[in-house]
Each structure stands twice: as C-alpha cells, then as structure tokens.
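Residue numbers (our numbering), protein chains in the order written: chain S, 225 to 502; chain C, 10 to 333.
Any given hint could turn out to be false.
[What the hints assert, rightly or not] Derived DEER-like restraints, expressed as beta-carbon distance ranges:
id : chain 1 : residue 1 : chain 2 : residue 2 : range
1  : C       : 152       : S       : 423       : 34 to 44 Å
2  : C       : 135       : S       : 334       : 35 to 45 Å
3  : S       : 287       : C       : 73        : 23 to 33 Å
4  : C       : 66        : S       : 430       : 28 to 38 Å
5  : S       : 363       : C       : 326       : 48 to 58 Å
6  : C       : 255       : S       : 491       : 56 to 66 Å
What the hints contain is simulated information worked out from the structure, not anything from laboratory work. Ideal Cβ positions, reconstructed from N, Cα and C, are used throughout, including at glycine.
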Amino acid sequence: MIDNRAETTAALKTHAKNMRRLCLQMAYSCGGSAHLGGGLSLIEATAVLYGAVMNTAHCYEYAARDKFILSKGHGVLGFYAALAEFGVIDEKLLDTFLQDGSDLIAHPVMKPELGLETSSGSLGQGISMAAGLALAAKKKGYSFQTYVLCGNGESNEGSVWEACMSAVNFGLDNFTLFLDNNHMQSDGCSENVMNVSDKYAGMLKALGFQVIEIDGNDIGQVYDAFMEPHVPGRPKAIVGNTVKGKGVSFMENNNDWHHGRLTKDQFEAALAEVEAAR
Amino acid sequence: MIEINRSKARLWSRLGARATLGQAILEAAKERDDFYVMSADLAQSSGLVRFREEFPDRFINAGIAEQNMIGLAAGMAKDGTNVFATSFSPFVTMRACEQVRMNMGYMQLNIKTVGLGSGLIMAQLGNSHFGIEDGAVMRAIPGMTVIDPADGVEIVKTVEALCDYKKPAYLRLTGGPGLPIVYEGDIDFQIGKAIQVREGKDISIIATGTMVYYGKAAAEILAQKGIDAAVIDMHTIKPLDSACVDAQLDKKLIVTVEEASIVGGLGSAVAEHLAAKRNKPAQLMLGIKDCFPHAGSYQYLLEQCGLTGEQIAADIEAAFGQMA
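Okay, chain C solo, but in the shape it has when bound (with noise of 0.2 Å):
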C-alpha cells in the first residue's frame, strides 16, 4: 500500500494526473511482481522513464502502433496477467477500440487501457488529442469497467485496486500539472461505490474527474445564494453505483458534472438509470456540448465548455430557479 499523507496529495496535484500515474505503477510494481505495463512510444509523457529504468523487463513498448498493442497486451494477458496498455485517450481507445471490443469486452481480458490526458487538458494540441467520447465508447462495451478519477490521490487508490481487479477497465485521467486537490489524505476507495464529498439537501452533484472539484467550487457558491448542494465523486462510471443514485430521488435536482461529452458518459449513465423511475428529480448535464470546442489554454477551454466552479454554479441556480 502506497503511504498517502497531505504532502503526498499536494505532491501529485503539482506533478499531475500523468506523472501521478507513474508514480503510483511505479511504486505498485515494488511490492508485486505480477503486472506489465505498455506503452505506444508515450513513455516520457505517461510518467513512466522511472518505471521503465528500474524494471525494464516489465515494459514494453509497442512503437507507435496502438491496435497492436492491445493485442500485444491480450496475449500477455491470456493467463491472468494483469496488463496496463497506456496511451493518449483517443489513441487507446477509438484507433484501437475493435481491439479493445474483442480483447476486453468479447474475451474479458485482463486489460487495463489507461486514457492518458483526457478531457481538455490537451488545451493548444487541438481536438485530435481531447478525451471528449473516449469514456462513452468504452462504456459501450460489454463487461467493461470505466474509471474517472478525481484527483492525485484517487488516482494512487485506482491504480493499486486496479492491481487486484481481475477484469477488464478503462482507466480515464483528466486534468493536468496543478491537478485541483480533493482528498488530502487517504480514502476508502472500491471500484464501483461513489464517494459523497459533500452533504446537501436541495440537489445533488454528481461528478466524475476534475469536475468533482468544480463541483464541489460550484456547491460552495450556491452555499452563498442559500442552494444546499450534495456534491458525489462518481469515479466508477460504470459500473454505475445506482444505490447512491437512488440515494438522491429526495433531491430537488441532480446534476451531473464531467470533463466529457454530454453523450453517453456519466450524465447518460445516471439518466439511463433514472429513467424508470416513476417520481424523479430533473437531470442538469452538464460537460462538453456534443462539439469539437476551439482549441487554447486549459482554463480558455473549460470556460467555452462552462465547466468552471462559477458557471456550473450559474448553470445550477437558473435550473434550480426552475423548478420552484
């Protein structure tokens, strides 16, 4: 187990949600000798040249070939082993998504793809590089596990639970160096039950990734403006955690929150889940407008999208307006 402390935490949220991620594989590997991890040529960008130096024999890089690598990565894994296939979130997931459809979703494999700088934080490398459908289409597959944590330390649990989780998963990182702090010290993590960061009775905000934070921001805001806002780390997007979903049928509005495409992510997943319900609070989603934003800063594109504290707050209190 790694050791997780508030220095820690502010340690991962300066290096961010890649070079936390090659810290934690990094220290998953001193204590267990029974994964290997994959590369397409990403190894400096995924935090992983340590990992690579200190256990050679345990990586493997496929070249710049990622439909490969998930096969690579589906004979590595046919007895057992666990296998983590890292690349940027497009690339692992919608150039090699048939790989992916038959390794990990018709044959279960072992697989873990990692979704390298999803969401925006790609800012000025344009929409070629943004993780904008990658949680969806990995949704869509059968039998897969899809995981959006929420910042430096949910990313250490998520990979060390990911060590012992016999199945396939998607592991999709959002936000960048300076990755905003959620958790300051250790957490009870399992794969597939929420986290309730905040109580509230008005609304519930149910958020995955970086929004989890902006989420949270944003129910602080409408704090002020008299809004009692539940804030809800759902880092498991699916399986979905729907006990807690059905925890909020008392609210008076959910909102969902992600670093994502409105279509097919958690705010689907949540709808889909509410829609046979009979007595049911309306449903805010809130994330990327299905669109290609325009390329910049970080901060420019989480701003186009309105996924900053103030504007999901903005968003939430004219919803809210609403249904008085």
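For reference, chain S alone in the conformation it holds in the complex (with noise of 0.2 Å):
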C-alpha cells in the first residue's frame, strides 16, 4: 500500500481500467448474457477496497480477514475483477465465468479460498450476514473489519432495514456500508419503479448511520470515504451515486445492458473505449 494519496488514487484509476477490462472479457467470452450495468457501476468501490482499505490475503486467519459481502449478487463482474486485480484469485480463472463446473457463476457462491465469503443471489440479505460478521467480531475480539456493498434497486427489500436498523442498534463501529446507487434497476429508472434512491442517504442518517455521500464513480472521493474514521459507536455508509454500465457509453444509463450480451463489435467498441479512458 502506497501512502501518498495522489499516488494511490492514480494507481487505483489505473486497476479500475484493468477491471473494466476484465469485466468485457468475461462477459463477451462468457457466450451468454451478464450483468453487466451494475457491475460497471461499483468498480470503484471494489477497486478501492481490495487495493487500498481491505486486508484481504485469503491465506490471513479468519479473524484478521478483512470481510468483504456482496449483498448484490449480480454484481460480479465488478467483484470478480477485483478479486484477479489484486492477486486473490489467478485471473486464469476469470476464464471460466460461467462455464460448467466453474467456481465463478452469476451470482457468488461462498468459496472462502477464492476470497468468496457468502453466498448471495437473493437481495436484501448480505448487510444482515455483514452485521452479523461485525457483531461477533466485536464480541470475540476479531480484529477484522466488515464492508457490504448493496445496490439502490436491492435497498427496495425490507430486510434491507431491519439490517441497517441492527447495526446502529449495535453500535457496529467497525462495519461500513457502500450503497452503489446507480438510480436504475432491473425494470428501468428507479424514479419508475420505487422512485426513493434520493432518499437513501436521508434514510441512513434518520436511522444513526455516519453517512458520507459521495460520487461514487470518482476513484479520490471513494478513497477519501473508505479512509474517513468511523465515528465511535457507529456504523458508516458510504452512499455512492453511481452511472449504471460506467466506462461504456452505450451502457450508460440504457437498461438494456442490465443482463445483455455483447456482440464482437459491441465488445471491441467498448474495449477500445475503456482503453482510452484517462
């Protein structure tokens, strides 16, 4: 880990490029459809975390592992490419998304030693697993930190709340919340379907959380928020407001891209914008 905050964020914008990159290239040589939108929208976050805040060396002992749950299950395009960009996972294995008798299907399935903590899949349960992982590590005295990363459309499910309202009632200091808000969900804009995504960070702060709401798209303001202390006694969120499908601009925002699949001209329009980002 570099020290330098300019340094560092330049190093993670150049890992986030890469994840993009390894995000296209599952989903194109995958030969079938991915959840490709809000997988491009929480790359920051996991770029962020597993290179700079999380300790994450799959061979540590559980109670120093940094835990890392994604409650969004179809988030993994993101996860995946990072758990290949910082080294806890081969990226050979990237090859076999989705294939037969792969470790690395849609949705995680717990593999502790591929860095795969739970299983998720069905929203609105990862912050309650999460604030049970940071409750009996302040009970035990594990020294592990607990991060969850759950999406706007996913914060529509009641047990969504009932976790946060646990975790403020806990007290759980060492827990933190990323809510990659992206305004959009399976059926279109969010303002469509449960128009309240505006409101999240209101609702954590109503509740007790230490919100910090930020874009959640902007490598140094996700950063500054990871590496913000946690108020004593408290659980943090980070709010994100992310662009659903980031980095490809025919992605952006178009819903179509919430599970699609990518022909070889679309795949190598989008590499090659990826490529050029700066």
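Mind docking these for me? Both chains are given alone in their own frames, and the hints should help you get the complex.
Below, the structure is given as structure tokens:
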C-alpha cells in the first residue's frame, strides 16, 4: 500500500480501468448474457476496497481477514475482476466465468479460499450477514472490518432496513455499507419503479448511520470516504451515486445492459473506449 | 450433561416445551461457552429470561425482525460458532424462510432455528401463530435437519445434542404446560435414530412430537381390542431413520401421526421412503388434514383434528379392519 494519496488514487484509477477490461472480457468470452450495468457501476468501490482498504490476503486467518460481502450478488463482474486484479485469485480463473463446473457463476457461491466469503443472489440479505459478522467480531475480539456492498434497487427489500436498524442498535463501528446508488434497477429507472433512491442517504442518516454521500465513480472521493475514520459506536454508510454501465457510453444508463450479451463489434468498441479512457 | 430423573421429567412437563427449552439452554450455557442465543423480541415467551440475565453477552435480541435475526445469526455462525435463533414457529420458518434457505441450506451455516409453540398449542391465538407447515417447509430445504421432540426429557436431550451438532437444524417444539410425559428418566438420544417406545407385532405407529404420547395412548386402547401396536418415537423427521422404517415392513399397517399438516411432514417422509418398496403395508397418515382448523382451546383443536388417543385408536381400528 502506498501512503501518498495522489499516487494511490492514480494507481487505483489504472486498476479500475484494468478491471473494466476484465469485466468486458468475462462478459464477452462467457458466450452468454451477463449483468454488465450493475457490475460496471461498482468498480471504483471494489477497486478501492481491494486495492487500498482491506486486508484480504486469503491466507490470513479468519479473525484477521477483512470481510467483503457482495449483497447485490449480480454485481459479480466488478467483484471477480477485483479479486483477479489484486491477486486474490488467478486471473486465468476469470476465463471459466459462467462455464459449467466453474466456481465463478452469475452470483457468488461461498468459497473463502477464493475470496468468496458468502453465497448471495437473493437480494436484501447481505447486510444482515455483514452485521452479524461485525457483531461477532465485537463480541469475540476479532480485528477484522466488515464491508458490505448493496444496490439501490436491492434497498427496496424491507430486510435491508431491518439490518440497517440493527447495525445502529448494536453500535457496529467496525461495519461499512457501500450503497452503489446507480438510480436504476431491473425494470429501468428507479424513479419509475420505486422512487426513493435519492432518499436513501437521508434514511440512513435518520437511522443513526455516519453517512458520506459521494460520486461513487470518482476514485478520489471513494478513497477518501473509505479512509474517513468511523465515528465511535456508529456504523458507516457510503452512499455512492454511480452510473449504471459506467465507462462504456452505449451502456451507461441504458437498461438493455442490466443483463445483456455483447456482440463482437460491441465488445471491441467497448474495450477500445475503456482503454482510451484517462 | 444435565441430570435427568423422574422429578425433573415431571417439572419439565409442568413447565411445558418453551420453558423447558429455556432451562435446557441455561443449563447448557453453564457448562459451555461456545454458543449464542437469539430471540426476535420473544425472550419472555421462550423461557429465556434467566439465560438473558445470567449470560447477557451471549443473548442477542434482534427485535421483531426475524429475517434479519437469521442473517445476523449467519454472520455470527460464519466461524463455526453455534447460534440458536428462536421465535414462534411460523415466523422463524416462513417469515424468514428465504434467509433460512440461503444461510442454513445453501451455505450450511451452523444455525439452529427453534420454532416455539408449533402445532396447535397457540390455541385461541389462531392460525397466524400455529405451526402447521413449518416442519414440511424446513424439510424441503436441502441439508436441513428437522427434530420434533416428544416431551420435556427429549427436548433437553435434543438441546444437548444440538450443542455438539455442527450442521444447521430446525427444532420444532410442540405442546405446552402439562406436556405429556413419554420418558421418566434418561434416554439414549441420537439425532436421526428413532426410539421404540412400545413393542407390538400387528401394526406400527410412527409418531413425532406430542403425538408420541397420544400414539402410545392409542396403542393401549387398541391392545384391549386385540390389536398389538408398536409405537416409535421418530423425533428426527429429517434425516429419517429409514432402517427403523424398514424394520416395520412385516407389519399389517403403518400409521404416522404428527401435530402438523399431513402434507410434507413425517407422514410424507415415511411414504417417500416406502414408495419404491414392492411389498409394503398400507400407510394411514394422521395429522392436520390440509386445513386451517378453527381456533379454540388446545384440546378443542386436537379433537377437531382427530388427534386424541381415542380418535387415533378409532381411525386405526377402522383402517386395520379394512386390511383384514
């Protein structure tokens, strides 16, 4: 880890670019459809977490290894890409994405030795799991931090708010929620489905979270938000306003790419755009 | 190990299933510090108040939020720690069903859910609180163990066994204060191994939960009518003791009795096992007949569902008559 903020964030920006390339390669080479939009919106969060924040070496013992829970399980592209980019798994493993017998399917399947702490895919459950991990850490004196990433569409689930309530109740200042708030969901714009995505930050604040609202696709802002110390006795929430499909102009805010299949031309165009980005 | 004797068996009978659970957990906690207990705002109703007072660090109240309780339990159990998560049976098995499925089924985390007041004991509170389908729903989840103890002694033995059981399980508690006594002393209790409580050569009554007592009562009545009935306590509904079921194939009739729906529970488990056998006795399935009974006193409900000793005996006698 590099101490200097400017150098670190510059390096993370390169990592994020590589991760977008890995996402596109996985999505194209799997030969089928993949959740590109929601995978690309969370890249900066996983890049910062795996590149600068978490102690993730999978060989570390349970009590010391920081925990990351991908509650929006369909965001795997941005998750698997981080695991490969930061050496938790071999990049070659990404070639198996969605192939029969692979450990890397469309929603994470628990396999701690591959950095996959839990199985997810059913929305609204990861925050409870993360709160339980953080609560156990407090009770048992484990040093690990728990990070959970959830989506704005996912936050329609009532269980998300049960979990948030309990994180405040138990004073989990070893728990950080990153809300990938891309303002879209499966059926399109959240404002046409469940029009509250601009209210989540206020809801979390009202519950008693330490809330930091940022541009969730700005590496510097994401880095600073994760680095900001916890207020003692309070869980932290980073509401990252993001763009679904971020980094590929024909995917951005276009819900055809919530779960879509790339043609060769589209793949090449997307890859060229990601490579050209500064 | 909790000492078990006749006076304790009587005490647990007076206390009923829920308070006995609380006692068993309290006693186990004094001997070992490797488990947590959770409640969804029902510590009072679960006999867990003394445990909460004596072991405040090991008791976690999730509030009235069963889905989150199971998720929290999963996080707590992620390092292998045993977590008992308790609530009334429909809330912990059905309100939180998908959390149970993901965390206890898919991830096989070491959680023990306890369904309090299952079956019909919630009486006048109505079907919202009854445990009719809870066992069936839990049994359908891959990798889940389902246990329905017969009486206070067996509840205590089950809690002890679950403390050492490194798999997810659902503990279904039927019956209330004045719990019928099947066992007056210690028993050899093993998860997945049925207990024969009465020998008999004509028919076999395979029962679970409170119905072990009522099945035994029915067998005594049948004995006076010349029908010799074996009674088996199938406390573990899943994994089913299939060897024990196979040992009943020489009988003229197999009867399953449960304080639960006849859809998907013990009767179904036995029938599923027997389906492929060529020569097998007929099976009479007794339980709640795929309906929401009209709420009222526990006795009123048992009678409505045909689950008293006399009614069970009468149904068996009629079925046995058709066999001849």
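*Taking 35 to 45 Å as the hint, is the beta-carbon distance of residue 135 of chain C and residue 334 of chain S inside that range?*
39 Å, holds
*Using the beta carbons of residue 287 of chain S and residue 73 of chain C, state whether their distance is inside 23 to 33 Å or not.*
This hint holds: roughly 32 Å between Cβ atoms.
*residue 326 of chain C and residue 363 of chain S - C-beta distance against the hinted 48 to 58 Å*: About 57 Å separates the Cβ atoms of residue 363 of chain S and residue 326 of chain C, which means 48 to 58 Å holds.
*Starting from the range 56 to 66 Å, see whether the pair residue 255 of chain C and residue 491 of chain S falls in it by beta-carbon distance.*
59 Å, holds
*Take a look at whether the Cβ-Cβ distance between residue 152 of chain C and residue 423 of chain S falls inside 34 to 44 Å.*
39 Å, holds
*asked:* Taking 28 to 38 Å as the stated bounds, is the beta-carbon spacing between residue 66 of chain C and residue 430 of chain S within them?
replied: 29 Å, holds
No hint from the list above goes unmet by this structure.
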